[in-house]
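Asks: Those sequence lines, one after another, are chains A and B. Under this note's numbering, residue 660 is the last one in the first sequence; the count climbs by one each step, no gaps. Under this note's numbering, residue 660 is the last one in the second sequence; the count climbs by one each step, no gaps.
Since the list gives no way to pick one copy over another, a pair counts as held whenever it fits inside one copy or between any two copies.
The list that follows gives simulated cross-link-like pairs (lysine to any residue, SDA-like), each with its CA atoms no further than 25 Å apart:
1. Lys526 <-> Glu450
2. Lys526 <-> Gly644
3. Lys526 <-> Ser493
4. Lys561 <-> Ser571
5. Lys526 <-> Gly590
Don't read these hints as lab results, they were simulated from the structure.
2 protein chains.
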Amino acid sequence: MANSPSGESVISRVVRLVEAFDDGHRTMSVAALSRRSGLPVTTTYRLVDELLAEGLLEREANADVRIGTKLWELASRSSRMMGLREAALPFMEDVQSVVQHSTTLGILDSDEVLYIERIGSRESMVDITKVAGRLPVHGTSSGLVLLAHSPAAYQELFLSRPLQKFTDSTLTESSELRRHLAQIRQQGFAVMPGIIVPESSGIAVPVHGPSNAVIAALSVVVPRNEEDASSRVPVLMAAARGISRSLGWRGELKGALRQSNGRI
Amino acid sequence: MANSPSGESVISRVVRLVEAFDDGHRTMSVAALSRRSGLPVTTTYRLVDELLAEGLLEREANADVRIGTKLWELASRSSRMMGLREAALPFMEDVQSVVQHSTTLGILDSDEVLYIERIGSRESMVDITKVAGRLPVHGTSSGLVLLAHSPAAYQELFLSRPLQKFTDSTLTESSELRRHLAQIRQQGFAVMPGIIVPESSGIAVPVHGPSNAVIAALSVVVPRNEEDASSRVPVLMAAARGISRSLGWRGELKGALRQSNGRI
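This is chain A alone, in the form it adopts within the complex (with noise of 0.2 Å):
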């Protein structure tokens, strides 16, 4: 948190900024986003006068601070995630409906799973996953379908770093994990229980792209040990193939092929 040093650009002074809101800060003083950004104080009230002009920050009664409707729509409209979550989210709530429990749909990205959308089952108790969050890929069953349809190189890599033990149940032997990979691969399903947190379960699956690479992970969230996979996988199967098949997929025959060749 050390003061932003000389040459850092505007825009990675704006990012910092910006990356200072979270879930449990979504209001703050200009004087606590100098704080928390680690940006002198001068620097942060004349980025965030600029940022106002904008619409990017918008200004609370109290004086405080939030991020910008602007921002939110100038991201969503383009964003790739839109047309994904656009696809999908018709077929989540399919889903949902017969499941009763949490319905996400996640990416890979920066070495993570990021939720781009998730309906959540007001009952539901044992669900951690939240729209633009983010969790660790050995943690959840969207992580491990995503891995096991990466290519090989990054699969390797991953599995050449040390992994966090979140509860008995993790996978952190790399022996392991590629077994499960491979497994993943073979039947088109995960379903890991306790992972992340020992009261809960993931049942995920692959949504397929245009070209036919794997480009998300639909998922429920279970309680652990009422898994009951054999009724619920078909249902996960049968919505991501409707969102694939919505994005342009055709690759029912290679969908077949890469199965048989599924290994690393």
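With the hints as your guide, set chain B onto chain A.
Replies: Only chain B this time, still in chain A's reference frame:
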């Protein structure tokens, strides 16, 4: 589309670059980005490099650029829209499952309706709303609900401007609109057939925030002459109360008082 005037801040030039992307232009070459943003080519190249370095833009395989995951993530995780849409989504699913037509959540932003969530019906062909899309206030049932509950001074300012007539049914006369706004406040909903496109009708109800102010409008878009308001308005009202309650609203008595006093 002139060159960037000297003295324009980096932030405002970045906004111009990002605004060059939209639904029809999700990826483009840096040269096209320069053209669409009106920024000089050299400036565009320099800013694009910085934005790529921060992950705010991403490069496609063919060297075109697109809005980056990071921008969406920064904007999403902390904005007030996310709290609202997270509260609303389960109730919107309930509406969608009963009404079987597109369900939207809109806010008033910069004199327009900004749709922050939409659950689309796969069958629905009559809905021009989209997430992060904007529509004119007087062309949508949501806009009229939001206007009806805006401060009187804002309403008068809005009604003093010339308003575009989109269809034969668009209300553009201030006296007529004022009458409709009063009616919307009194009855607690708006049913507007064909005011922006002839073939669709909007039905909208207000959503209250913790301070009892109307902060959003919940609506369904249905084929014209199939409004069926008597069955759909109660579904929308129940859902809007649910959303309001989960946002901390406890204003039932105040709501009733407001309704009986609700004239400008």
